[in-house]
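Colleague: Working from the sequences, and respecting the hints, build out all of it.
Single-letter residue listing:
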Amino acid sequence: MSVEEIIQKLKDKFPHSEIIIDNELPVEPFVVINALELPQICKFLRDDESLLFDTLMNLSGVDDNNATKVKDEEGNEKLEGRTLSVYYHLHSMKLDHKLALKVSVPIEKPEVESVESIWKCADWHEREAFDMYGIIFLNHPNLIRILMPYDWEEGSYPLRKDFETPEFYNGMKIPY
Amino acid sequence: MYDFLVNLVGNNIVAFFIAAALPLFLFILPYALLAVLAERKVSAHMQDRLGPMRTGYHGILQTVADILKLIQKEDLRASSTDKSLFNFAPYLVFMGSFAAFAVLPFSSFFIGSSIDVGLFYFLAISSLVVAGILMGGWSSNNKYSLLGAMRSVSQIISYEIPTAVVVLTMVMITGSLNLHTISDQQTAFFWNWNILGGTLPGIAKFLLIPLMLGAFIIIFISTLAEVNRTPFDIPEAESELVAGFFTEYSGMRFAMFFLAEYANMLAVSFLITILFFGGYHSPLGYLGNTLGVEWLVPIEQFFWFASKGLIFVLIQMWLRWTLPRLRVDQLMTVCWKYLIPYSIAILLLVGLVTLI
Amino acid sequence: MAIKTEEMVLNMGPQHPSTHGVLRLELELEGELVLNVIPHLGYLHRCFEKHCEAMTYPQVVPYTDRMDYLASMSNNLGYAITVERLLGIEIPERVEYIRVIMAELQRIASHMVALGTYGVDIGAFTPFLFLFAEREKILTIFEETCGARLLYNYIWVGGLSHDIHPDFVRKTKDFVRDFKPRITELNNLLSYNKIFVERTANIGILPADVAINYGITGPNLRASGIKWDLRKNDPYSIYDRFEFDIPVGEGLYGTTGDSWDRYYLRVLEMEQSIKIIEQAIDNIPDGDVQSAVPKRIKPPKGSIYTRVENPKGELGYFIISDGSLNPFRVKVRAPSFVNMEVFNELCKGHFVADIITILGSIDVVLGEIDR
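Chains as they are written, first to last, in the numbering used here: chain A, 3 to 178; chain B, 2 to 357; chain C, 65 to 435.
Since the hints were derived computationally from the structure, they do not count as laboratory data. Incorrect hints may have been included.
[Stated by the list, open to error] Cut-off 30 Å, straight-line C-alpha distance, at most; resulting in silico cross-link-like pairs (DSS-like, lysine-lysine):
id: 1; chain 1: A; residue 1: K73; chain 2: A; residue 2: K45
id: 2; chain 1: B; residue 1: K338; chain 2: C; residue 2: K359
id: 3; chain 1: C; residue 1: K114; chain 2: A; residue 2: K122
id: 4; chain 1: C; residue 1: K114; chain 2: A; residue 2: K104
id: 5; chain 1: A; residue 1: K163; chain 2: C; residue 2: K359
id: 6; chain 1: A; residue 1: K122; chain 2: A; residue 2: K111
id: 7; chain 1: A; residue 1: K100; chain 2: C; residue 2: K365
id: 8; chain 1: C; residue 1: K296; chain 2: A; residue 2: K45
id: 9; chain 1: A; residue 1: K96; chain 2: A; residue 2: K122
id: 10; chain 1: A; residue 1: K73; chain 2: A; residue 2: K11
id: 11; chain 1: A; residue 1: K122; chain 2: C; residue 2: K412
id: 12; chain 1: A; residue 1: K111; chain 2: C; residue 2: K114
id: 13; chain 1: C; residue 1: K114; chain 2: A; residue 2: K163
id: 14; chain 1: A; residue 1: K96; chain 2: C; residue 2: K291
id: 15; chain 1: C; residue 1: K365; chain 2: A; residue 2: K11
id: 16; chain 1: A; residue 1: K96; chain 2: A; residue 2: K11
id: 17; chain 1: B; residue 1: K74; chain 2: B; residue 2: K84
id: 18; chain 1: C; residue 1: K258; chain 2: A; residue 2: K45
id: 19; chain 1: B; residue 1: K144; chain 2: C; residue 2: K412
id: 20; chain 1: A; residue 1: K96; chain 2: C; residue 2: K296
id: 21; chain 1: A; residue 1: K100; chain 2: C; residue 2: K362
id: 22; chain 1: A; residue 1: K45; chain 2: C; residue 2: K291
id: 23; chain 1: A; residue 1: K96; chain 2: C; residue 2: K339
[Said to hold, decoys possible] Across the chosen pairs, the derived CB separations fall in these ranges:
id: 24; chain 1: A; residue 1: N172; chain 2: C; residue 2: D346; range: 55 to 63 Å
id: 25; chain 1: A; residue 1: M95; chain 2: B; residue 2: A165; range: 54 to 62 Å
id: 26; chain 1: C; residue 1: R213; chain 2: B; residue 2: L214; range: 35 to 43 Å
Idealized CB from N, CA, C, for every residue including glycine.
Modeller: Right, here's the structure in full:
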């Protein structure tokens, strides 16, 4: 099934949701969906007879770094609208078709519903995205750091574009 | 030899000590050094390698160098170990395995102590190792050591049962606990060896052969397990428990465990040799008797005894570098479900055969 | 009065002979019975993905070497294919052939380490050295070609770093000829050994539906009985030109998807790799291996997810390009990382000794898990 057909199916199933296909980019199209409806959509994608997306190939967090300058009422310039995204690459082993989903959330409140209960392999991927970007996956059973040390500074996420290496970790100088 | 020494030094007690210590210094210690080297060489050649080549000609001084290194090492002891037990354990293991040699007849002339309960003593003293292992594992205060020690103790105690039953079978045939007597019964040629039915007359001898073969296989497997060699090296299973009960040991204490292991291998090989393969007796008669040179006979006997023992040691090494390792529960299954029932069956059948 | 009992917590690793690197497993034990396993990762974490954002596209290649350091060629290949698809460039035939041969040799080498260390985990030391002697030959072939023995940086975007050595074809043929009897030898020595079968059959059974839900790929998935190989099902490079089979686990000695199946599948896969090499080695066309290497890699804006069949499983690269010289985001879907997730499920209710067996049969490389 092609991506267009899948989108049509999704739109029929969830008429009130915003489902946007983003194929401006020349290489791979993906579907943008709302963060809070993610579990319902994913469950539908997995269980529907004609879709059967049984594997989550990849889940990656991305810092879009897309803040734009806006002026508030007092005329001060400030950056706004920066988002973090999560990309889901789905694949159906039985029907052999692929789909990429994208969810974007504002960096001030980066909350995405977890898909761990739908695809077990999302567990560690989501922990990694939390570890690296600070994206909070709601309803995740064990959302703790995975690759960074457990006592790494709270609120410091290394793969964010504005990350700066801290000078000390546990009293040890880092850029030694 | 004891009488000979009494004549030589003129004192019973001194003669006794010399007699007991002589095999240790003459044979066991050099053997332990050589066996460690042999193991490395055997494994190397089985694996298309050369093994140690740098120290001495083809690396023959390698173990000596290793021992020297181990002696020089700092005597490390983790702070939370139980000091006295931790220090004592390697000596106990070392002692247990070396004391067993006291009753082994190396030749008709050369035996540490020809006591009448030799076989019993052998089984008892080699069980002392268990206490040492448990001490070492417990006092190390390390979970790996503890697991290793627990496994080791359960394994050794379980496997002592088939060993003891087979030994009992042999006692029934030979009618003696004295290892010297048992060896002497199998004198002359190799068809008098116990594995070929011993000196029993007529049809009984032929009935005994398959039973003896079974008994030999059982005692070989169970002694293999008692000395913790592959495929039963579960207590020191390197890939699971790091080094088992001696994880925390280093330097000379570690070397003690190590040497004790090799001494144990040899001790059980000698036991099998005595019980089944004629002890120190030559399979083909003696050159000394033919030539009329009487002093040559004990030397020949010693040669035969050592060669038979070393062949079994080599078989143990061969097995080690070929087979994978069993799991704890499978090990127990082998012992309790197979070896013990079979050994008891053999005991009963041998009892019937000896009645003929 | 009831005796108070509690589980023993045993830390296996990060320094342990059989955790295959610096993995720490927290085991909850009841005697020797394992109740729970918690893997702790991150001891090798270098944040490879952050490095990539500061590098140009060709500079990322050496970093990919260091992920699955036992299969550097395959990692290179995956990255090169991803960027080539992003750029949309055509690759000369000669390069494609050499890449396939290298990737298959690398697959054999990687499986040899997996099988050899698996033997050591179970206590058989000799097969390990037999296999390493053969692996040495592959490494020598690689060394003659590109100068490195472990981290090759050989497959570049658009081409290769060096043309093959004049002796390459002969040596590869020699290796293939010598290697076939070695597989039989391995089978006789280890695979069908009674003790080995007892230790591995029916241990750590991974049913097919669980495997799919956990996203397990590669030999581990195929051992569960699913015929799925990216080289056949989603062909990349020129794999569609070769004839080979996809072996699947059949549960010869136990249940489909047990540790023995995972082990034996790798043996069968080595035979298939040999088959591919035999077909490719005589047909290498002439040409220049660097003719298609772009001088300056500046892909269009976009994102791409490409996956290749690594020895360990499906290696995926997700690259977002913002149209500049540096990748905006490189995310690696490491096969070991995903395969490791199911570990706790497999281990529950087994003995301590089986933990080692199961870990070895999954065949993880920590450089790839931690990246």
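Colleague: Against each hint, give a clear statement of whether it holds in the structure.
Modeller: Comparing the hints with the structure gives:
This hinted pair does not check out: K73/A and K45/A have alpha carbons roughly 41 Å apart, beyond 30 Å. The hinted pair formed by K338/B and K359/C fails the criterion: a straight-line CA distance of about 72 Å is larger than 30 Å. With a C-alpha separation of about 26 Å, the suggested pairing of K114/C with K122/A holds against the 30 Å cut-off. Straight-line distance between C-alpha atoms of K114/C and K104/A comes to about 21 Å, which keeps the hinted pair within the 30 Å bound.
Restraint check: the Cα-Cα separation between K163/A and K359/C comes to about 28 Å, which is no more than 30 Å; the hinted pair holds. Distance restraint check for K122/A and K111/A: the Cα-Cα separation of roughly 25 Å lies within the 30 Å cut-off, and the hinted pair is therefore satisfied. In summary, the hint linking K100/A to K365/C is supported, as the alpha carbons are separated by about 21 Å, within the 30 Å threshold. For the hint linking K296/C to K45/A, the alpha-carbon distance of about 29 Å falls within 30 Å, and the restraint holds.
Among the hinted pairs, K96/A with K122/A is consistent with the structure: their alpha-carbon atoms are about 18 Å apart, no more than 30 Å. Taking the CA atoms of K73/A and K11/A, the gap is about 41 Å. The hint is violated against a cut of 30 Å. Proximity of K122/A to K412/C is assessed by CA-CA distance (about 17 Å); at most 30 Å being required, the pair is judged to hold. Simply put, K111/A and K114/C have alpha-carbon atoms about 23 Å apart, close enough for the 30 Å limit, and the pair holds.
Taking the CA atoms of K114/C and K163/A, the gap is near 9 Å; set against the 30 Å cutoff, the hint holds. Our distance criterion of 30 Å between C-alpha atoms is met by K96/A and K291/C, whose separation comes to about 11 Å. Taking the CA atoms of K365/C and K11/A, the gap is near 28 Å; set against the 30 Å cutoff, the hint holds. A distance of roughly 18 Å separates the Cα atoms of K96/A and K11/A; the hinted pair therefore holds under the 30 Å criterion.
Under the criterion of a C-alpha separation no larger than 30 Å, the hint pairing K74/B with K84/B is consistent with the structure, at around 19 Å. Straight-line distance between C-alpha atoms of K258/C and K45/A comes to about 45 Å, which puts the hinted pair past the 30 Å bound. A hinted pair counts as satisfied when its Cα atoms are at most 30 Å apart, and K144/B with K412/C qualifies at roughly 20 Å. Restraint check for K96/A and K296/C: the C-alpha separation of about 15 Å stays at or below 30 Å, so the hint holds.
The straight-line distance between the Cα atoms of K100/A and K362/C is roughly 27 Å, inside the 30 Å bound, and the hint therefore holds. For the given pair, K45/A sits about 25 Å from K291/C by alpha-carbon distance, which is consistent with the 30 Å threshold. Taking the CA atoms of K96/A and K339/C, the gap is about 28 Å. The hint holds against a cut of 30 Å. In this structure, N172/A and D346/C meet the distance hint of 55 to 63 Å, their C-beta atoms being roughly 59 Å apart.
For the pair M95/A and A165/B, the supplied restraint of 54 to 62 Å holds, since their beta-carbon distance comes to about 59 Å. The given range of 35 to 43 Å is broken by R213/C and L214/B, whose C-beta atoms sit roughly 51 Å from each other.
Of the numbered hints listed earlier, those contradicted by the structure are 1, 2, 10, 18, 26.
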